[in-house]
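Residue numbers (the numbering used here): 9 to 665.
You may find that some hints are simply not true.
DSS-like, lysine-lysine: derived pairs with alpha carbons at most 25 Å apart [stated by the list, open to error]:
no.	residue 1	residue 2
1	LYS379	LYS402
2	LYS431	LYS402
3	LYS402	LYS433
Just so you know, the hints here were simulated from the structure itself, not pulled from any lab data.
Note that the coordinates shown come from a computational prediction; the quantities given were computed from them, not determined experimentally.
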Amino acid sequence: MERPAKGLSLLLGALAVALAAACSEEPATAPDLSDGDEAGSVAPLITVSSPRRAAMLADGTMKNDRQTIVGEACAPAGALRSLTVNGETVRVSGAGSCQPFVLQQGSRWGLSIVGGRAEDEQGNTAYLAHSFLRSPSFFPLATEPSREARVGHAVFAQFNQEVIDDGDRSDIDDVATVASLLLAGVDLDRLIPRSLHAQPDNDPADGEVDLVTHDCGIYHQTNQRTGFRIRKAGAFTTAEVAVDHIDAVEGGLDVSLFISRPRLPVRVTGYLDLWCLGGPSAAVEGSLQADIIRADALLTIPPSANGTPLLTLESLDVDVGGFRSDVDLGGLLIIDFLLDELAGLFDPLFRDAIEDLLPAALEESLRPTIKVLLSEALLPVEIDIPLPTAARLKVESGLDWLALGEGYGQLGFYAQVIPTEVKSKPYDAALGSIQSGGAPPIFSASEYAVGLGLKDDLLNQVLWAAWQAGAFDLEDLGAYANGLGVDGIAGSTVAYLPPVVMPGRAADEIEIGIGDLYVEVTVGSGLVSAQGGSASGAPVSAGLYVSSIVSGSLAIDPATNALAFGLGRHRQVDVQVVAADDPAAAAVIRNIMETVMHDVLPVLLSDAIRGFALPGFDLEVIGQIPSGTVLELDGAHIDRRGSYHLLTGSLRQGSRP
């Protein structure tokens with residue numbers, strides 16, 4: 009594959025040095041080639057001095073604004089015949105080789121392209137493609153975790169009752185099923201203490217019948233007082249433990265669970281205090297059991313702006329059905345006068361034991377479910393931008409909003425996307441990703457199971473971090489071009505600005521702008537000749553800037569469950585050649601690269617977008633859940649709502665590859 013000419017590489021190196029020296033915040037304008045450069049001595053050259061090339065302007069409002077454009081057009085080979093900047097005709101004097109201009113340009117939020125065309129008296133033409141970003145605010149530049157650089161409410165979601173509990177325990181696609189699986193794995197036996205009751209007992213902590221010492225003249229006799237002690241005699245067992253239902257209510261969750269055929273083995277020991285004659289005892293064993301236990305609990309989760317949700321047991325009602333005791337008290341005749349009292353304790357004692365264990369059981373089953381589903385697993389930890397750039401991004405995220413209402417749970421997550429490796433640039437970026445803000449979308453409680461809003465600020469931070477990682481700096485532009493059916497192209501790109509997601513012309517449309525992409529290219533002789541040729545008939549190397557705005561909409565790739573960018577009808581590509589080793593071929597190179605980048609840029613931008621997998625839930629961290637289980641969006645539909653993309657659908661049980 010042919011590589012760029014050495015002279016052009018030296019020019020780019022000099023340009024990089026000039027940019028770094030001129031300004032540490034933004035790149036300088038395109039190099040002035042009017043002195044000593046053959047291309048500059050033939051074709052006119054249009055330059056813009058303000059705003060500088062690839063400027064990031066923290067200015068104006070979110071609405072269309074006005075920006076003053078200052079520049080000049082020079083025609084080294086003769087006087088200018090005409091000059092147009094952004095469709096506005098600039099009057100030329102006809103005297104001298106340079107014409108300054110100052111004009112007002114409409115500046116949208118996001119990327120603006122300053123385009124222009126100049127023609128001299130000999131018919132030589134030159135084009136302008138000069139870009140800048142404008143927004144009232146940008147995030148601070150941060151390539152390490154930073155609270156100030158977080159995107160607030162980056163993902164804002166509403167889970168309706170179907171996601172909280174769909175009533176189906178055959179698949180893992182709702183909170184209740186996950187909680188039920190965890191509840192079934194809780195060791196209830198360890199939650200029941202060994203000592204259940206002792207009477208009389210002035211020190212409940214020891215679980216023993218009190219001692220008494222009698223003065224028997226020549227000796228002292230110590231006995232247990234007349235009474236009894238009940239202890240657990242074996243493991244507490246059940247036939248089934250499960251969540252019956254979970255309903256979202258205002259401020260919390262209404263949880264109903266059941267325990268079928270619970271059985272608690274017990275050992276009852278009776279003591280008789282015979283004073284100085286001693287203290288005989290007797291013991292019997294049996295069990296306390298029931299047909300079913302039903303429990304209704306109200307768990308409150310107060311609205312939270314940050315941190316882990318606080319789960320509080322507000323109330324607990326326990327109903328025991330079919331209780332019975334199979335403890336034969338006939339072996340305790342030494343305390344026959346206490347047997348009726350003892351028998352009357354079994355039912356409340358059994359209920360108390362169950363009521364005491366249930367809060368811990370709910371804690372162990374619901375808290376990890378709530379923690380994972382509502383605070384930890386929604387966003388990926390890493391984002392991989394596909395080849396050939398193969399950039400890897402790290403995602404720092406956490407809960408920044410939680411509220412529950414009748415039939416739904418609503419939550420928000422902050423996020424910060426960070427490049428794992430920052431690729432050196434020909435200049436230092438002045439600001440972080442562009443910021444638009446915006447309120448979360450309004451959700452329906454009945455039209456879908458889950459609504460998930462992805463904020464433009466999040467997508468733009470993904471693109472900014474990918475840009476920092478060099479995702480748009482192609483070392484082999486030819487590979488992209490060849491993949492699109494264009495042969496004879498070799499070169500590389502350097503992106504001076506990050507791509508930006510902007511509102512589109514229609515309500516459901518977006519536009520992605522990428523500006524001041526510097527391209528160093530060598531075009532094969534065959535391709536040049538086919539477009540009009542060069543004077544030498546040899547390959548031509550050139551340096552040029554490309555700015556583009558591509559319309560489209562986000563979609564979902566069902567094969568990868570990731571975002572996809574569907575191209576729309578509108579595609580603007582502006583190219584400005586600033587160096588060419590064959591000046592006569594500069595116009596041909598511009599035409600070729602306009603066509604090539606018309607196809608290359610949408611693919612490059614789509615590759616960056618599809619690196620963002622749809623948010624999902626990785627349940628591997630929860631015990632009792634099959635390894636690799638994930639919850640992912642199913643049948644999702646995307647609508648554009650303000651500054652968010654609203655994904656609606658249901659959840660399905662999936663598996664991690």
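| Hint numbers the structure violates, sorted upward? | Result: no hint breaks.
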